[in-house]
Amino acid sequence: MMGAERGRFRFGLAATVVAVALGLTVSACGGSSSGTAAGGSGPVTIRFMSYNYGTPCCGAGTQQLIDEFEKANPDIRIRPEAVAAADVLTKLRTEIAAGSSPDVVQLGWSKAGEARATLPLVPVQDIPTTTEWQTGIDGIYPNILKAVRNGTTGKVDIMPFSVSVPILYYNADIFRAAGLDPDRPPTTLAEVKTAASAITRTGKQGVYVAVADSGKSDYLTQSVMNSTGGGAVNASGAVTVDSPRSIAGLNAIRDLVVSGLQPKVSATDAQAAFAGGKIGMMVYTTAAMSAFEKSAKGTFDLRTTAFPSFDGSKARPTYSGAGLAVFGKDRRRQQAAWKFIRFLTSPQGFTILTKTIGYLPLRPAIVSDPAYLGTYFQQNRHLLPSLSQLNDVTPYTYFPGNHANQAVVALQDEAVTPIVLQGADAASALRATATKIRSLAR
Amino acid sequence: MIAVRHVGLRPRVAVAATGRHAAILIVIIGLLFPLFWVAVTSLRPANDLFSTSPIPWPMSVENYRDAIFRFPIGTMLLNTAIMAIAATLLQVTVAIGAAYALVRFRPRWGGAVVLLAGAAVVIPPQMLIIPQFLIASHLGWRDTYLGLIIPQLAACGLPILLLREYLVDIPTSLLEASIMDGARPAETLRLVVLPLLRPALAAVSILVFVNTWNEYLWPTLIAPQVNHTTIQAGLQLLGNQEGPTSGALLAAAMITTLPVLAVYAIASRRITHAFLQSGIK
Amino acid sequence: MAGVTLEPTPVSPTPPAPPAQGGCGVRARSGPWVYSAPAILSLATWVYVPMVATGVASLLDWDLITPARYVGVANYRRLLADHDFHRAIWQTGWYVLMMLPLATVVPLALAITLWLRPGRVSSLYRALLFLPVVLAPAANAVSWQFVLNPLQGITNTVLADLGLPGPGWLNDPSWAPVVIVAMTTGKIIGLNTLLFSASLSAIDQSTIEAARVDGATSWEIVRHVIAAQLIRPVALLGLLCVLLAGQWVFTNVALVTQGGPNGATDNVYYRLYTYAFTFFDTGTAAAAAVVITVGVAAGYVLVRLAIGRVRHADAPTAG
Amino acid sequence: MTDVMRQPESAARERGRVPTPPAVVAAAPSGGIELRSVRKSFGSTPAVDLPALSVPAGSLTVLVGPSGCGKSTLLRMIAGLETPEAGHIHIDGQDITAARPGERGVAMVFQDFALYPHMTVAANVGFGLVLEAKHAGRGALPRAEISRRVRDVCDLLGLGDKLGRRPRELSGGERQRVALARALVRRKPVLLLDEPLSNLDAGLRAQARAELIRLHREVAGTFVLVTHDQAEALSLGTRVVVLRAGRLEQAGTPEEIWRCPANLFVARFLGSPAMNIVADSRGRLLGWRPADAIALGVTSPPAAPTDAGEVFEGEVDVTEFVGDRRMAHCVGDHGPWSVEFPAATPVAVGQRIRVLVPAGSLHHFDAQTGTRL
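Residue numbers (the numbering used here), protein chains in the order written: chain G, 542 to 983; chain S, 55 to 335; chain B, 797 to 1115; chain Z, 12 to 384.
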């Protein structure tokens, strides 16, 4: 019991705490102050949330695009914000919940469905005038524009940007060692199997179809299901992951796993293994191209070919990558966002994107035009097989309801991953998951 | 378990001594091997990452170049250090105040404060994270140091409890003696309590620092941007890219580790001593 | 006569000043408040207000963006019927069971070994053991993932050279949680070895010498002298570590497996995070938070009771 | 004030030894304490309840009583470490009931000495002065003066060569002297000592007692000392205040309370062995000290009782040899009593003995109230 003494208290401790707190307030960096400028004149700053920005693979290219845009448009400043690809939806949603939505977002296609259903997306086609829009999209593969359209409104509400397609990468050295002709790569799944078993006999791994992708995107699952005549969602919006045709698609993959032609590993591990020359073939997105090229340089002969077809039907791969979505609230910022988007997707923008990051150019004309990518494609031929696929890429489908992303996660985690990693029975796994997805849609 | 058996049963037998060393070394190697291997691998060229040779030859700094020049790893490390140090200082300062108030003045409501602090230690942080996020966002603290640091005060319960335990061990008569000497409360704290508490403060600070340094969830939410976030959240960005960037990732992991290793190499004796002297209860 | 006198005069006319606040004497009025205000404010702002808010949110259907809707206990009903949540609870229990010995027995054995033979080597060992604690979890995760790469990681390469089949580690549902535990305990072993060493250093060396003079073997010393004095810190640290481990496991799961493969590494904390920040089902996440907190509190009370019992049972040996 | 310490020259000269007692300044000593209706309780049990008590300036007043009698609480209330629930405390006529401990002109020596372990002897002793100087701001004691005063007081207490040591490097006696030095250096009119000798071992304690008495003489301040040891109280104090259960039992010079214990409690509390108490034929209680009895015949038949006292008879139950004396514990008709003989006196267990207690050595108490008659 002490302290009868009363305190003419000299601040000491409390003062320190307050001082520390205040000091931090003063010295704290930036903060999200950009959300304030509503209208008026002067330069407008828009926020660009990108999963390429600030990364070793693609950061420099993105920065170059921003620099050139700002040079051409001195009244618009771009504030890039980096996020992890898998976290885009999370960050976007927390930003919006925190009352400060970014203006332009590089949004993965697998997340577009849920973003459309639950977030205040500004349809990109609605921002410019019709003529402006027409000039903006002039020359883009019509099929791409068709594929990315919003199924309900029929409008392009998210601008196609980094569109990738699944292709078959193969290691020509392993092909030769296995007695296969690297100039005649497999075009059907049956041929893939034959090649894979020849490769496994040499002690290497045969093939890896990365359906259980690390970003929890279902673009390859959909591509496989489409290619066997099924699909994740049918034309009327019903969930069809457990339809016999869809099951047949994943069964084909399971077949590879149980017969030992495909290693039971995650896509990340397989990716590293293919880059390390341990796997003969890999079905994976074109987005991995530059990374694979880098690893293969000086170690093996990397080649690519189109996504294989399944049991006689036509190959119907869908696309992955990201589009550019607009969330800015006021008109002025939306206009600025549109200008930025138009620049990013212009022939000039794509010349930079393709050269620095390896994204597929969305305009066939610039591939051969020496003013743009003509010379580049003469030296870098790996991307060419995938370009041909852009003509018949199928639309990406979205699960219905407000929990589309949750449904995709469920599909990938609870059905596709067990099939790939444990050779689980495709039919029962897909049926159980379909029930869950349907209940989420309600 | 192995260690106890060897130590205990035949202490004077040389075999036991060897066994003891072996057991400890096995644990140490088991814990540190991944780090060692990553250190070796990070120096290999990108196309030779999975070589099994323990010597990184041919050697290449390409991975480090990628990590340093194409990724803001320095900023992230700095952010992490600022966050961890500031949050530790803040938490420990706040805790000293509370512990001192509880012991020096013995207020009637002291029991309630101890209870509140104790419960705060037990509540899983995930339970609080959504409201914390909304509060911090509302204050405009997203992607700021303030946002990274201040809400970590939620964890001040543990240092309060620990420091209070130590403070209780200081003889009451010392505090009273300082009062008789005419010291004001702040002077008693600064001139008598804090010097006596130094080893305990070091140990508690280290404990808090380790927890803060290891914090992952909060930075990913409150400071998602690459230039504002911490290394824990930032390495995710590298790992999450399309295409394999293992080389850069490994180099980044090493760069993250090196300053810690350096500080640790200098201060490990102090750190362990702080713990040993304080005799944490 | 006496300088000190008992005066017969009655109570002084001035009424006694009432400085007392209550039964236990008078305190400075502002002192304790000023010093504890930062702590009380911190806890209120960042723990207790959020806690109440979470409690309220658990009764809402809310995605953080569209206006919230009151749904009563629907979230709880849905959560308690959710198989994913059940699995996460069992998995969390499994983690705790795996962690407990690794958080107590192993570091205790290491600490005792190092303490019985103090010296330079022991200091070095202790320093090396503590090293994983300060490593960034992200770097730690990267290292483990890389070493355990099933196709070309050094572990499986060596196993293959020994003619052993290398498991899929993080790709294998039965191995993945083990790897997560291993990744996490690296930190816990280091931290607890140091904490136990600290507890041990408080033991008077002379009691050990006395026991040695009495002819006690090292094992007997450990059993009777050290064990008796360490029961309390061991039990409490075990408890603390289970709490911390939950967080560190969470970090590793979030960094490495995201709960997979096939939900094998899931746990309640990660599940809560998933509800909250992957599915943006704030209501369910809040309900899960409430359920978890109640569970942790119950576990805490049980452990406290168990400690009381253990201490009671061991009191005679303590001497 | 304690001007004794302003003796730098002589102190420096005789560094390391207790200096010769300087002339005590004859000015009226200050530090008189008045307590009025002071009350304090812990929970429902009253700790201190004193209608009035005064401690004269310049006295060495010892508060004594069994543990829990409230003596420490009383001391701490004077110090300002506890605040009374009711009543007022005055020092030198000023009401200091609500003053802060540092401002009421008191210094204190704690039972465990409470030395700051992280400070040297010099820093320990000078701590209060340094703070005082700091608080005073301009016009404060200069640093040189502080260190001079610290040196002087340490010299006075024989600590001159220990200034740079830390408490853990000192012996128990040295620590006690540091604690004293720390209290004395501030030259407060009142010095409070809370069981200052209880942490010393027996040999040192006798020496420390003498030193304390000398110190009190030299310093000429008011000392208030708390002890539970009645012998210490009697030997140290110029005034003794006996407390029980928070109430005053008796206050006076040691001789007064030894000769005329005000009640049964005081009578029993003082002296070792304790006073014999037996009931007499008139229903009163008779008390006498074992040493005051005169043997009337141990082996021979009893002599006739005289008017000059009271004769007691009993059978020896236990004998104790205590150096030059021998104690006999007897069972008498009215109960047990003890008596002290010269060591040579042959007393055997089982023997019947008779003793005479001179009338002047007899104390009479009321059987009901215990008060002295």
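Think of the hints as simulated: they come from the structure by calculation, not from any bench.
Certain hints may be false.
[Claimed, not checked] Listed below are the simulated EDC-like cross-link pairs for lysine to aspartate or glutamate, each with C-alpha atoms no more than 20 Å apart in a straight line: (1) 977/G with 957/B; (2) 977/G with 966/G; (3) 745/G with 957/B; (4) 838/G with 223/S; (5) 696/G with 673/G; (6) 835/G with 116/S; (7) 696/G with 679/G; (8) 835/G with 219/S; (9) 977/G with 880/B.
Here is how each hint holds up against the structure:
Proximity of residue 977/G to residue 957/B is assessed by CA-CA distance (about 44 Å); at most 20 Å being required, the pair is judged violated. Between residue 977/G and residue 966/G, the direct Cα distance comes to roughly 17 Å. Compliance with the 20 Å bound is thereby established for this hinted pair. Taken as a hint, the residue 745/G and residue 957/B pair is honoured in the structure, with Cα atoms around 16 Å apart against an allowance of 20 Å. Distance check on the hinted pair: residue 838/G and residue 223/S sit about 66 Å apart at the alpha-carbon level, beyond 20 Å; violated.
For the proposed pair residue 696/G and residue 673/G, the alpha carbon gap of about 15 Å is at most 20 Å, so the pair holds. Under the criterion of a C-alpha separation no larger than 20 Å, the hint pairing residue 835/G with residue 116/S is consistent with the structure, at around 11 Å. Distance restraint check for residue 696/G and residue 679/G: the Cα-Cα separation of roughly 16 Å lies within the 20 Å cut-off, and the hinted pair is therefore satisfied. Of the supplied pair hints, the one linking residue 835/G and residue 219/S is violated, its CA atoms being roughly 58 Å apart against a limit of 20 Å.
Restraint check for residue 977/G and residue 880/B: satisfied, since their Cα atoms lie roughly 11 Å apart, inside the 20 Å limit.
The structure shown violates the earlier hints numbered 1, 4 and 8.
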